[in-house]
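The listed protein sequences derive, respectively, from chains R and S. At position 642 of the first sequence the residue is numbered 642 (my numbering), and the sequence of numbers has no breaks. At position 1 of the second sequence the residue is numbered 1 (my numbering), and the sequence of numbers has no breaks.
There's no promise every hint is true.
One copy or two, it doesn't matter: identical chains are merged, so the pair holds either way.
[Unchecked claim] 20 Å max Cα-Cα, derived EDC-like pairs, lysine to aspartate or glutamate:
1) Lys285 to Asp902
2) Lys285 to Asp633
3) Lys419 to Glu260
4) Lys219 to Asp251
5) Lys940 to Asp678
6) Lys219 to Asp693
7) Lys221 to Glu659
8) Lys385 to Asp902
9) Lys740 to Asp395
10) Lys298 to Asp697
11) Lys221 to Glu388
12) Lys385 to Glu417
13) Lys298 to Glu336
14) Lys285 to Asp697
15) Lys285 to Asp693
Derived by calculation from the structure, the hints in this document are not laboratory data. Being a predicted model, the structure only gives us computed values, none of them experimental.
Number of protein chains: 2
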Amino acid sequence: MPSIFLRRFIVALVAVIIPVALPAGPSLGLPAEIVVSTRPTTGAFPLVAGDSSAPLWYDAVDWPGVIRAIRDLQEDIKRVTARQPVASAEHPTAPVVVIIGTLGRNAAIDALVASGKLDATDLRGKWESFVIATVAQPMPGVERALVIAGSDKRGTIYGIYELSEQLGVSPWYWWADVPPKKRAEAYVLPGRYASGEPVVRYRGIFLNDEAPCLTGWAKEKFGGLNSQFYTKVFELLLRLRANYLWPAMWDNAFNEDDPENPRLADEYGIVMGTSHHEPMMRAHKEWTRRREQYGNGKWNYATNSEAVQRFFREGIARNKAYENLVTVGMRGDGDEGMSSTGSIESDMKLIERIFTDQRRILAEEMRTDPTKVPQLWALFTEVQKFYEAGLRPPDDVTILWTDDNTGNLRRLPTADERKRSGGSGIYYHIDMHGGPFAYQWINTNPFPKIAEQMNLAAEYGATRIWIVNVGDLKPLELPIEFFLRLAWNPAALNKDQVAAYTRRWAERDFGPEHAAEIADLVGRYTKYNGWRKPELLAPETFSVLNFGEAERVEAAWRDVVERAEKLHAILPEKQRDAFFQLVLHPTKASAIVAEMNIAAGRNHLFAKQGRASANAAAARVRELFRQDQELSDAYNHQLAGGKWNHLMDQPHLGQFSWEPPRVNAMPAVSEILPADHDRFGVAIEGDVSAWPDHFGDAVLPVFDSFNPRRSYLEIFAEGTRPITFTVAALEPWIVLTEDKVPRLDRRFCVEIDWAKALEGASTGTITIEGNRGPIRIAVPIRKATPEQTRAATGHFASLDGPIAIAASAATTSTEVAGVRWEKVPDYGRVDAAMAIYPVTAASILPPAPAPTLEYPLYLPRAGTYEITLVLGPVMDFVPDRGMRLAVALDDQPPQVLDVFSDRTAETFLGAGWWQRFTRDNVRYVRSTHNIAAPGPHVFKLAMVDPAVVVQTIIISDQRLPESYFGPPHTPALR
Amino acid sequence: MPSIFLRRFIVALVAVIIPVALPAGPSLGLPAEIVVSTRPTTGAFPLVAGDSSAPLWYDAVDWPGVIRAIRDLQEDIKRVTARQPVASAEHPTAPVVVIIGTLGRNAAIDALVASGKLDATDLRGKWESFVIATVAQPMPGVERALVIAGSDKRGTIYGIYELSEQLGVSPWYWWADVPPKKRAEAYVLPGRYASGEPVVRYRGIFLNDEAPCLTGWAKEKFGGLNSQFYTKVFELLLRLRANYLWPAMWDNAFNEDDPENPRLADEYGIVMGTSHHEPMMRAHKEWTRRREQYGNGKWNYATNSEAVQRFFREGIARNKAYENLVTVGMRGDGDEGMSSTGSIESDMKLIERIFTDQRRILAEEMRTDPTKVPQLWALFTEVQKFYEAGLRPPDDVTILWTDDNTGNLRRLPTADERKRSGGSGIYYHIDMHGGPFAYQWINTNPFPKIAEQMNLAAEYGATRIWIVNVGDLKPLELPIEFFLRLAWNPAALNKDQVAAYTRRWAERDFGPEHAAEIADLVGRYTKYNGWRKPELLAPETFSVLNFGEAERVEAAWRDVVERAEKLHAILPEKQRDAFFQLVLHPTKASAIVAEMNIAAGRNHLFAKQGRASANAAAARVRELFRQDQELSDAYNHQLAGGKWNHLMDQPHLGQFSWEPPRVNAMPAVSEILPADHDRFGVAIEGDVSAWPDHFGDAVLPVFDSFNPRRSYLEIFAEGTRPITFTVAALEPWIVLTEDKVPRLDRRFCVEIDWAKALEGASTGTITIEGNRGPIRIAVPIRKATPEQTRAATGHFASLDGPIAIAASAATTSTEVAGVRWEKVPDYGRVDAAMAIYPVTAASILPPAPAPTLEYPLYLPRAGTYEITLVLGPVMDFVPDRGMRLAVALDDQPPQVLDVFSDRTAETFLGAGWWQRFTRDNVRYVRSTHNIAAPGPHVFKLAMVDPAVVVQTIIISDQRLPESYFGPPHTPALR
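All chains should be modelled from the sequences, with the hints used to inform the complete structure.
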């Protein structure tokens, strides 16, 4: 047997080394291909060969959920090969048989184990594990068997779905219309594959904020969030190896809306819970719908505990027959904080009493030791403060830590907390209805960020439960699967494996031909949405004046849209629905919002400058606003024949509070009334003013021979008539060319012919003449001397302006005792950020030697420089420590900078946090440094605490022009 | 002779008491009518009687400017009566003669004085004084003479124009097309009238920032700012009894552009100067046009003093023959600060050297003692800091203090400074191109504010020069005349006389029939523009949510526009041009800008709320934007047959920096795309949210039986189809009526039938039902008990919300040693503000007894209240003192509040000042007060420093809803 099938996945907190170049397997569950063959090979198991399909044999005493999944496998084999195998509890007579079952519930499998033909060491006593193995002569009359054996119910089910996926049925075959990969025959390679146990015991999703989309859709398709709907969800979860669900709660009550819901969940194999604020298996809607039957009707344990207890007890009594993970504790009336009883001390006492009473109810209703009942206490928003103030749940209750609602973990367990028997878990968001802002429309979750944060959770031992808020479920297909796959084995999806994962995902769902392109597209659209979520874009977000920023953003979006549209056109018809919903729609929809805001920003600028083209920019905004609606309509009405109607009902334009907008509102645009004349005006890069009629001089940003760039001026009509003018440069070293890109006004690019320019500082002039003017534009330049060039070579160099360096461009990186700066590929705003690994490394304060990155600089002037570090928006998840770095210029003493030095403003719910960092998706720390002389210097960036992620370093002794990203990266001078 | 003609105006720093109810005279120069009669009466002088017109007799040796003015009088008499009198230096043979001349330059007048027939005591040695008197048998052969005798050239000219004005020729007959009042005959009443001397010696205007309007107009009409243009200006100034001019300088050089300019100025009688930054009678344009001929070409006394001296000397040599008031000192290159020489000390030394050199040049070129040459040093913007740091000009140089560029005096002379021989004056702005913002479009200057500030200047002795920046001259006709009339005799135009003045102005220019209405209209449009200048209005300035604020502002504007349009329609055709430019246009133009911004604010709100009507609000903005342009076009092209073309070229919409916008840009508006459905939504007063689909409850602002008011809810279509719904109140005490005012959506007014409501706090409900809902709106009320009502009667009372009191509604006012709080009628945002008189009273600090206002309060709760005083935006014009008030609740110790406690943020150029107070045209001071029990209290407001102007008092223990004006005034409970 090839060794690949013998390889076992060691699942543990510390990841094993995995070969970086995995074979591009068609499954996202296993890192190995077992159904590669469409031809018979030696020892391969003929699942479907010729006209025949191997029968599926199970044991009638196995879990109904297993037998139900076997029916899915029957269907899946038919979907792929058009041949449906027999599935039966009767011993088949065929020479080749697929034996499927759970250890201890399948006599044939137990016999194989007993006979030594099947190794069960990694099944016995294991959680949710399976083995897929070919067995020759498993029993008399059977030549060859394919065995799918599970350690328990879900283990077997996951094994079944693993085979389905490897055969070519995507977990998303229904939920995203991914067409099964057709094949005439299917052979399973000989060998044995073992899944191992999942790292995270409970892996689930929370359907939340399900109006208007999910509710409207489910009502139209199923008549509501009933068991027809939920069984679709259960099946999806199982195919994704998830096991846990918080059902929709906004205007729904899972257990009441359809009594089949909990029964079928249990049958399918889904562990049910209720959301963080709904204790004891009861939906809050069950309370609000008939609160008057409960005491004083107040959701208040201080004044109405008896009635609330009764409410709790009814929930446990109703659901006790099923597999549950019970939310305990209590928050306020609905998804909000508890009314205070007067002081935090008395509130904590009250919650302690609630814990005690809830445990008593669990014990009484379930007739068991309450420590045997899986429970969680979620520290969502204000709840965490009770914990931090000292309130502790019983040791066996899992503590569910949360993110900051935007994907940054607020807190991870300390070494002491890791000792708790209940362990801890994470409640994460890839969709939010609430503070700091709602993002419910589209997928804005780059994989690298999820991987970076959730690997922290794994490394710090928060692995009992991972549950992610997925809003309406669709269109978050990608991050849902990524999160759940990550939960199975975080170490297998660390920062260095994200790209390969995305590629495998694309290949699984769309085949190998365009997989690289598709992976790149989804990586890019999510990355761009990660810059700033579409709901938070404003006309002034990206600078239309400085650094070509808005145009660069526009170009990035246009590129991915064009590529996605091109692919859409050439993909086979049957793949287009899947491609549209998973790739083209989110790319294009996001791009439209970005372009709309940029066009509005341009409109605002052009109106201020008095350009007649301000009106054309406004018209462009209106056009894009209509396109946005048309694209939503296409999703709702045309995609898959209207199958997903309402799932694009979410308004997403014009958000002005934490809530999503009620309707889409176009970014406001101005207008001007151009008069009947032929006057022209001139605008330049970097200046909101226009000439003539502006008091100040027109001066282009300084040109620097160390960092050659092009600038521009634009000449525009102020009235309705065509304009005539001449543009001329007075110096031979000014290169003026008209831009070929079609724009609303005429742009002339300005570059410097450095060979012709004089060394040192000088200023040239461009003149524009016509029926007004002449208008003079100053062109200031700085050209390095040969001495300066020699001194600056190999350095990040400037003769005038700011220096922006990609953190990953360090020329030196020192490692200390195995702790080192590593690249985090594709993170945030950069190609690769830098962070410390292992992430659990101990903090190091200067003067102790720490892992250090060095950047050689060449600075233009003596004086005071401000250095800005652009960081990932990580939270200070280690209690009372902050998030620190040490920086120094040359051999000056290092300055320790703490991202959270202001614990009030910068931490969760702090004013600074709320207002800026979650929107920008970066944090900044700044330091000032004095240098006595211009020329070569070294910037040193040393670790203090791990988990700080550094994207960019900006060094400037002047105020930076307004922009979102700051100056573009400067390469080192060559 | 009736005593009225014997009354003498005593011109002095302290005003004489003038009867408040002046006869409504047709002249704004004299407070008495002398040409009332169109019929012969006993002793009256027949200026024009029957077919004959009394000849005008002057002396050929009189000033050419006097003789020139007599030709104007000839024309004026003809304009009025259609009969042109003879004017001649030959002794006329008629029995009635008008003798016009200057004491000492007219033999006939000198003879009358010598013979005792004309009393010259108030002419001899006086400045710019005149007497108009009827003299019987003045000389052989003449039965009766009308004598216009001047103390000096301008005295005589002012007398001539006084007669013109009283005859019915407005000073604005040409500049504002005010038609002469026709009469067949004109008799001058017998008697003698003496003008007295002006209080302010030099009274003038500064034509500034004259592009695009004045320049474009003058170029079209006269070919430039040449002597054809300037003689029109000179004549206007003389008719307004002004004598001083800073000519246009932005792109002009008065003395060079037309050499006739200075010669004719002198001939007419205008004292010429140059603006604050143009020393030694030279326009800065004379420098910039050929700076290369002057040394190193730098406008820098430190590096180029010899050349700059030459430039100075040429100016004095050129203009020395004329009457000048020479600007001395030096600022930067153009209207900006001087480049520093390194430190304030060295800069001061340099300016001292400049003074010395300039004086030497004056002495050498004029061959006189330089103390005999009138000179001024203007402390504009940064220049004042040199003075404050100790730099002093020679004692005979007038110090020209300035306002803050928005009409608030920065500094007034101290007692010591009043002793300077050169005295001091004021450079004031009613138009600004510069910081804190440009206002160059339309008249935004309420008379009461000018009167309040400039009377401070008079009372504090800054009376040597008053010069006002008038931008393009038009359309600032009203405040120009008001400022100049005030300069003649400030005490005659104090706060209590403004209304009568405005009325007299309206009667003079439009006749008595509509004078009251016209006076009210111009008072209102300027008051409303004084709330906030049109250039500074933004869609969010006035709250569309709270206190019905935007609607109240809209209603105020609509009322004046309707009234102005109605008047325009009924006025005689010949008055319409004048009425349009002086009343209708500024009213309507200002109203359009206010309404446009309010409509944009409504659009923004409606878009957020998801109202389909957001688009109608946007359409309204576009419509008003076009109306704005059409109205400017009407001014430029239709008014007076296009006579004033270009004077409405000033862009005024979309200002975003200190500069005016380059073109008008419409306030940005949003759009929504209403879908094809009939869903409705509900919005309520005070809440940006809308229902359904909003998380929070819908709760109307609390109703308070002490301050009954109406609230409202609005029901709107979200889609394109008509909506159907029902609205019902669940309690009988809720009175629901549909509003009859046509609006974009349906409004239901909510009032409380207090007789039916329960005492105390309760909450009712309004429900809206239809194809969604029911939507429930809470109606919280507070009804007073009889005991509360008894205790609160006579008090400014609240059961819940804030109390806002007009400062003028004090129930008690104590006077201390003649110092008292007085009403300042029609000031700022209120009907009357309160201020301390006399304004020169000494400061009083507690516990010394001070003039105190008392306001009885009834407060709803114990606890901490914030009291906000809404003040006039006066500056801290007394050095190092601040602007203080003392406040107290009940018998608590008074708190001394200083508007300028933060001297960095709040004074001129301070961050706070720049950002807010000049825009809002108010300042705030706040104090907090604790009370132990609800119920009756007294708020006491005591003087500390004079000149603080108090408009409104707001008392609240809660955060106030967003609004511009704050809560409307609460009347005392009756």
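Hint-by-hint comparison with the structure:
For the homomeric pair Lys285 and Asp902, neither the shortest alpha-carbon distance inside one copy (40 Å) nor that between copies (54 Å) is at most 20 Å. Taking the closest pair of Cα atoms, Lys285 and Asp633 never come within 20 Å of each other, the shortest separation being 31 Å inside a single copy and 63 Å across copies. Taking CA atoms no more than 20 Å apart as the test, Lys419 paired with Glu260 passes in neither setting, with 39 Å inside one copy and 99 Å between copies. Taking identical chains as interchangeable, the C-alpha atoms of Lys219 and Asp251 lie at most 20 Å apart only when both belong to the same chain, with a minimum of 12 Å there against 72 Å between chains.
Proximity of Lys940 to Asp678 under the C-alpha cut-off of 20 Å is found in neither arrangement, the shortest distances being 56 Å within a copy and 64 Å between copies. In this assembly of identical chains, the alpha carbons of Lys219 and Asp693 lie at most 20 Å apart only when taken from different copies (18 Å versus 61 Å within one copy). In this assembly of identical chains, the alpha carbons of Lys221 and Glu659 never lie at most 20 Å apart, being 27 Å within a copy and 59 Å across copies at closest. For the homomeric pair Lys385 and Asp902, the shortest alpha-carbon distance inside one copy (18 Å) is at most 20 Å, but the shortest distance between copies (38 Å) is not.
Taking identical chains as interchangeable, the C-alpha atoms of Lys740 and Asp395 are never at most 20 Å apart, the minima being 69 Å within one chain and 66 Å between chains. In this assembly of identical chains, the alpha carbons of Lys298 and Asp697 lie at most 20 Å apart only when taken from different copies (17 Å versus 68 Å within one copy). For the homomeric pair Lys221 and Glu388, neither the shortest alpha-carbon distance inside one copy (45 Å) nor that between copies (80 Å) is at most 20 Å. In this assembly of identical chains, the alpha carbons of Lys385 and Glu417 lie at most 20 Å apart only when taken from the same copy (16 Å versus 64 Å across copies).
Only within a single protomer do Lys298 and Glu336 lie at most 20 Å apart by alpha-carbon distance; the minimum there is 14 Å, versus 68 Å between protomers. Taking identical chains as interchangeable, the C-alpha atoms of Lys285 and Asp697 lie at most 20 Å apart only when they sit on different chains, with a minimum of 17 Å there against 65 Å within one chain. Taking identical chains as interchangeable, the C-alpha atoms of Lys285 and Asp693 lie at most 20 Å apart only when they sit on different chains, with a minimum of 17 Å there against 64 Å within one chain.
Hint violations for this structure: numbers 1, 2, 3, 5, 7, 9, 11, all remaining hints satisfied.
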